[in-house]
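Protein chains in written order, with the numbering used here: chain C, 1 to 531; chain B, 1 to 298.
Source of the hints: derived by calculation from the structure; they are not laboratory data.
Cβ coordinates follow ideal geometry from the N, Cα and C atoms, glycine included.
Some clues are possibly wrong.
Said to hold, decoys possible - A short, non-exhaustive set of chain B residues, derived as facing chain C with CB atoms under 7 Å:
1) Leu51
2) Leu53
3) Gly84
4) Pro90
5) Ser93
6) Gly95
7) Thr130
8) Val209
9) Tyr291
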Amino acid sequence: MSALAGTRHLVRLALRRDRVALPIWVLVIGLLPASTAGAYAQLYPDAASRASLTAGMRTNPSITLLYGPPFDLSTAGGFTAWRFGVFGPVFLALACIFTVTRHTRQEEDTGRQELLSSTVTGRYAALTAALITTGLGAVGTGLLVALGLTGAGLPAAGSVAFGLGTALTGLVFAAVAAVAAQLAEYSRTANGIAAAMLGIAFALRAVGDSATDISWLSWLSPLGWSTQIRPFAGDRWAVALLLLAAALAVGWGAYLLLPRRDVGMGIFPSRPGPPVAAPGLRSPFALAWRMHRGVLIGWIVGFAVFGAMFGSLAAGIGDIVGDSAQAQQMFERLGGAQNLVDTFLAAIASIFGMVAAMYAVQATLRMRSEETALRLEPLLATRVRRLQWAASHLVFSLLGTALLLLVAGLFAGLLHGLRVGDVSGQVPAVIGATLAQVPAVWVVVGISVVVFGFAPKFATLAWAVAAVFLLLSLFGPVVRVPQVVLDISPFTHVPKLPSAEFAVTPFAWLLGVAVVTLGAGLARFQRRDIG
Amino acid sequence: MDNAISIEGLHKSFGATKALDDLDLQVKTGEVHGFLGPNGSGKSTTIRVLLGLLRADRGTVRLLGGDPWRDAASLHHRLAYVPGDVNLWPNLSGGEVIDLLGRLRGGLDKQRRDQLIERFDLDPKKKGRTYSKGNRQKVAIVAALSSDVELLILDEPTSGLDPLMEATFQYAIQEEREKGRTVLLSSHILAEVEALCDRVSIIRNGRTVETGTLSELRHLTRTSIVAELAGHPNGLSSLSEVHDLKVDGNRVRFDVETHSLDEVLRKLTEVGVRSLTSQPPTLEELFLRHYTAEASAR
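Based on the sequences and whatever the hints tell you, model everything.
Below is the structure:
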């Protein structure tokens, strides 16, 4: 029997299982860039405005930190490639990671892999099928990017270069996820490892792109390579080879690791646990803590690192472009405030808020995965009440997100304060800015609980809601989405602290919505069937 | 209080699928009650209603004198449950799960716990998925049996156990019965039901089709007779209670409804009996009759 026997059938099975999710991410990520290309001419109608945009952005480290270096903003193509050069590949990488894990480690997690392995399937069939399925998605996305941009009237070469860079970055992280699936015993851990690698890649590129003396750091990151292809600004095809080589090399690693472990096990053997439970393990909360702590600690480390990074770069923005009228203009378009540094901090706080919302969804949907894994049933057959159990998880969704934002604010404020010599003033100010996001994040928690209560079978919809909020905030203003639509996102309503005036009304509204949705979702959960 | 569990006219649908259709179940306090039925007949659904996990559409359900949906948490203080599909938390050891479930139930007997772990030959240090199906079930069984409760609800608790452990389980349940505990045992293992159960209920398509003690149920079915007669048998074939009659010279072989044994034996002795073997219906036959009735009804 060939080691790849049955791969074709497994690919068809995977495509059938992903028939809704895969086309959605391919379409959304594939068509986003083209939607911006059209807006460019309206935003920057003449040569003068384009020249000033280029000059302003190129010297602004806070912009390059988030979006990558702008190589040529004088054309619609160059502008689009810059605006989506980082986040396009990042979103595709996330989609690829989740897809690979879903069809490899998660299948082993649930025991379904055993059933499949007992049929005529080769040793490498499952991994290969997962990579082919994900690869089809990534390549499809790249094709759509290229076709969309060409369709919008941009040069074909640049469009293809951009699509290629995006698709190859997706493939690199598909390979990373394939390795993580060999190392980790559980799909949650596998996703965590791969997502952490993506975070490191983003951080390396962010620091390298925004600091002139250590710009070589960007060349250590696949996300750096995809921007360095420079679509519409030179089209350096050779850089794409780096991505291809990395995807093949890392993918090869997964194939080397696979035969060195048993089906269902990780490469590291599982350690035995204590024969009796610690005295403290006697409540639903204690159990929830055991389930959430690893993930929460990982997120805290991530928020601390990114907080410190953004905080240490904040002051530089004022130094370099403090008097650049063009940058001021751009910032006003982004946030609309006078103080550049404060606007930057506000923008960062908003990003932290939206990323914390991702943790909120993950922590809240843990309830659904416990339910479907049949681990809720035995608990509810004890004295544990439904609301008590839900509360034990919601503590992490609600207080966990507040903690994450506090940590991000603390580290950003501390590093920024150290640089400008005002720790006592900056730490509370920046913490205030990040904590201001909490009510908006709680709205996302509330919406997730509503989905969990009313439509548990469609619990993953909560991810779509959080993703829509993120996309609206990141790309909505730049492509001039109507305000009515932007207002859907709770993050639109958060006052842009520390520069903006503090206002009670938006917080009261957001908290009100959060309370009502939480209450409604829990009330429904209290009365619905379990299972 | 006479009945630990009392269900009358229970209905439960999932969308268009009728899972329970007018189900009745009475479990007396202090008895071990066998709960039988083919796969998908509604046993687990009934148990989930009893645990307050599912809400009944119609019918009355009383559990230990309370309403399982409304009083779930206070009733659960007095019962322990072993699910049919045991899934453990991946990062918790078996020992931790046993202790946690026991504590959440309101305390467990430490000595009984250690004794059961030893008897079931369970390694409490292993974690989540490193246990086999049978060992995961042992974790749930030990957790349930080491709690001090009035009622045990067991949903196919031994489907993954080896014969040795099956015997250990039967012994442990006998002990529970001697302590006066009530047990609802859903099972497919007929020897186990025969060894343990005072009364059984058989359900089919979400409806109770038979309930009673094993001897009562046996009475409803047929006994196989093989007899060597003094002469040629006459008139046997005309009896409506005689089935599958085979005559070979003076030798006869047939099945007879148990309640008409008297009448048939009189017929045989009229002719004169040289030898006779009578085989009471086995449980298998009893259940197969009910199970296959469903298959042919489909």
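Consistency of the hints with the structure:
1. Contact between Leu51(B) and chain C, as hinted, is supported at the beta carbon level, the nearest pair being about 5 Å apart and thus within 7 Å.
2. At its closest, the beta carbon of Leu53(B) sits 4 Å from a beta carbon of chain C; the interface hint therefore holds under the 7 Å criterion.
3. Interface hint status for Gly84(B): violated, as the beta-carbon distance to the closest one in chain C is roughly 9 Å, over 7 Å.
4. A hinted interface residue such as Pro90(B) counts as satisfied when its beta carbon comes closer than 7 Å to some beta carbon of chain C; here the least separation is about 6 Å, so the hint holds.
5. Interface hint at Ser93(B): satisfied, since its Cβ lies 3 Å from the closest Cβ of chain C, which is below the 7 Å cut-off.
6. Because the smallest distance between the Cβ of Gly95(B) and any Cβ of chain C comes to about 4 Å, under 7 Å, the interface hint for this residue holds.
7. Nearest Cβ of chain C to the Cβ of Thr130(B): about 5 Å, under the 7 Å cut. The hint holds.
8. For the restraint placing Val209(B) at the interface with chain C, the shortest Cβ-Cβ distance is roughly 25 Å, beyond the 7 Å limit, so the hint is violated.
9. Annotation: interface hint on Tyr291(B) violated; nearest CB of chain C at approximately 25 Å, more than 7 Å.
Violation of the numbered hints given earlier is confined to hints 3, 8, 9; the remaining hints are satisfied by the structure.
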